[in-house]
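Numbering (full-length UniProt numbering), first residue to last: 1 to 752.
Just so you know, these hints were derived from the structure itself, not from any lab. Idealized CB from N, CA, C, for every residue including glycine. Warning: the hint list may mix true and false statements.
Said to hold, decoys possible - Only pairs whose alpha carbons sit at most 30 Å apart, straight line, appear in this in silico BS3-like list of lysine-lysine:
#	residue 1	residue 2
1	K486	K697
2	K543	K697
3	K697	K439
4	K208	K585
5	K697	K585
Claimed, not checked - Pair ranges (Cβ atoms, derived):
#	residue 1	residue 2	range
6	E288	D219	22 to 32 Å
7	D219	N437	52 to 62 Å
8	N452	H316	47 to 57 Å
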Amino acid sequence: MFLSMERNWNEVRIHTLRETQVGFRLPDDSAVPHGKTVSAVRQSIKTLCAPMIRTQSKPLQRLELKLTGNQLFELGFEKTNFRVDKSTEAISLSQCLEEHHEWFTEKTKRVLSLIVAYTVFHLDNTSWLPPGWGSANIKFFQTTLHEVPLRPFIETQLSNSREDAGDESCDPFAGEDLDSDHNFPALISLAVILMEVYFVKPFERLAKMHRIQLIENADGSISLIDVDQVFNGVEDEDGGGDWSSFGDNQKRRTKREEEGWREQIPEDCLYLLTAIDNCLDSEQWEDEEGQPLDHQTLRSRMYQKVVRPLELHLTHGFSNIPLDGVDEHAREINFAQWGHVIPSRKSEDLVASRLSSAITPDRTHSPASLPLAQNQASANLMGAEHWRGHPQSLLPFLTFHPSLNMKPSFSVEVDSHSARFFDDEAGLSDGSRRYENWKTRYKDVYEKYIENCLSSTTASNPVKIAILDTGIDGDHPVFDGYGDLKEKHNYFNESHKRRVPDSNGHGTFVASLIREYAPDADLYVIKIAGRDNERPDAQVVRKAIDHAVDEWQVNIISMSFGWPSSDFDGYDDLQEAIDRAYHKKVLMFAAASNSGGNLGRAYPASSPHVICVHSTDTLGNRSKFSPTPERNAVNIATVGDSVRSAWPTFLCGDGPGQDYLVSRSGTSYATPILAGIAGFLLHYTRLHLPESATVMKRKENMEAVLKRCAERGPNYSPRDGYFYVELSLNGHNMFGGKLEDVSYEILQALKR
């Protein structure tokens, strides 16, 4: 641990005797410093101030103390192996969340979450865990080598009086106005930390982004009702305005339904969801009569319901990290360098020893049976009656490897379907740069004809676009602050109808493209497939189309999937849904397929009521994977090569300058681009040709206008058999002329 007076931190190590029963154990707690014997122990310490002052004159050394009963004895000094740069301030976790978003990789987030959970497990019911503790109390030190090991410390204030030290009750929450709905308040704080670390945002910002006003508590703690609302959401069942008050704090919530942040946690993070849910479930932490659990039952349940799920959350993502070595592993991680291993700590012997430990884990310290003396840790470490002064303390987070034969009380069923539905290929970096230039030319058109001409009329009647895909990572930076994700529905897993997390990536990629090419449109998302990218059920797609048409009254549906032919179960029902959408003047776009010359158009792109989308590169050349154009058909294409768009943050690697964007190629990605361009054309007619806005909603008319967009001069012929749609302000492009000329060309196309 580190002790300080006036922020001058000094390292201290406390040794405890084996027979002393405490609520937690310190690293190497059974060792006596090399060269020392019990007879060499000095007299008991009456004040911490004097040895701390001596420590300041001994660089690279730490003070060694021994704890016996309620007495501390000084053992002397030893050389430290944790060389803290005392010229820099310790940085808090809250500062990291605000200022160093890039530090949080998927690995550092999972490791840190588990370490914090271990800490609550060990330090609950002691004074080391102060009331209202949170990310501001969690500190990291920079070393003299300018590294920041993933070695968190919790900051607390030591008692400053004999009366405080001798208080019979060491409950840190004694005298506090506890949340009456929860008997284990430390778990509320833990849930907040888990949310902050996962989303890399302070809790206050998470609440603000969902327009939730927080209750202000004197000790800085966050109430259960606030955490529950931010995580699970708020729903106004009676449509009223003000809701009930809590104490003297009146809370105003929005009139419409508010979804919580749990919606943005993907399905493969079920263990994390389980841990947070259990933290917030007050009934887990009381007996049948609503009374607090006894200490032993509480610890056993906390391990089963919170700690164990977080262990599985870590090993599910990083199976090479053994649980019995997670603390040592964390110390080797340079938090400030995207989780890179600190060179001085990396050795093959250490890795080998850890692998050996992982195969044969230590099972001697199961939390379900570890003997503990309630309140004793606080009395032993903080309550020596002769201590005086009030130094601050930074206690290192403690890790604990429980028995691995303790099974979690829940199970996760993993879908192992092997059939893939969306075919895509990684794009090339040079092609991605050309794609960015292509997109910039389109945005110039959009700015000239839409953004510079917006009116209140069109703003109140936006184009509605629905995406049928794998969901969306709504917390991705490209969607941060994007307020036009109007609705979402999950037909892939109807037990979570309002949750559409994207654990595959495809849906997030597609949604980001729609947002870029139709930024003023309202976006609707329906989840029809999951992580394994399997071919969706036809009945799921049918229900999704009906929902988008009947419930949301969308104008455009984007479908980046397809069956090789119409020979599949549910075809007739699906075609009927497509027919209904067509007759209601809903434009449907579907990917042609990625089979090149081996197969023709996939279904539903082959349906006569759907606009089939082929793929090209940025010069209009047919993509090698795009199907051969069909005779006597309108073969419309747009860029689908090396398209750059958003990818779920948890699926991306981490490193300097990470923007969580990837490049992909496929008709899957040409489809949302063309759907977005169609959204632009609908918006254009509503703004500049309102009398033709309804006509533009017919599939044949939209195809005619898209064909005209592809034409370059009177002698134009389709390139590679495709009508290649590319919009720019170039003089050869339809949008390179004056507004009245563009409108004239659109009207002429609609008359053909």
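Hint check results:
Among the hinted pairs, K486 with K697 is consistent with the structure: their alpha-carbon atoms are about 21 Å apart, no more than 30 Å. Of the supplied pair hints, the one linking K543 and K697 holds, its CA atoms being roughly 22 Å apart against a limit of 30 Å. The suggested pairing of K697 with K439 holds, with an alpha-carbon distance near 25 Å, which does not exceed 30 Å. Between K208 and K585, the direct Cα distance comes to roughly 39 Å. Violation of the 30 Å bound is thereby established for this hinted pair.
Restraint check for K697 and K585: the C-alpha separation of about 6 Å stays at or below 30 Å, so the hint holds. Under the hint 22 to 32 Å, the C-beta atoms of E288 and D219, about 30 Å apart, fit the expected range. Taken as a hint, the range 52 to 62 Å holds for the pair D219 and N437, whose Cβ atoms sit roughly 55 Å apart. Evaluation of the 47 to 57 Å hint for N452 and H316 yields a pass: the beta carbon distance comes to about 50 Å.
Hint 4 alone, counting from the list given before, is not met by this structure.
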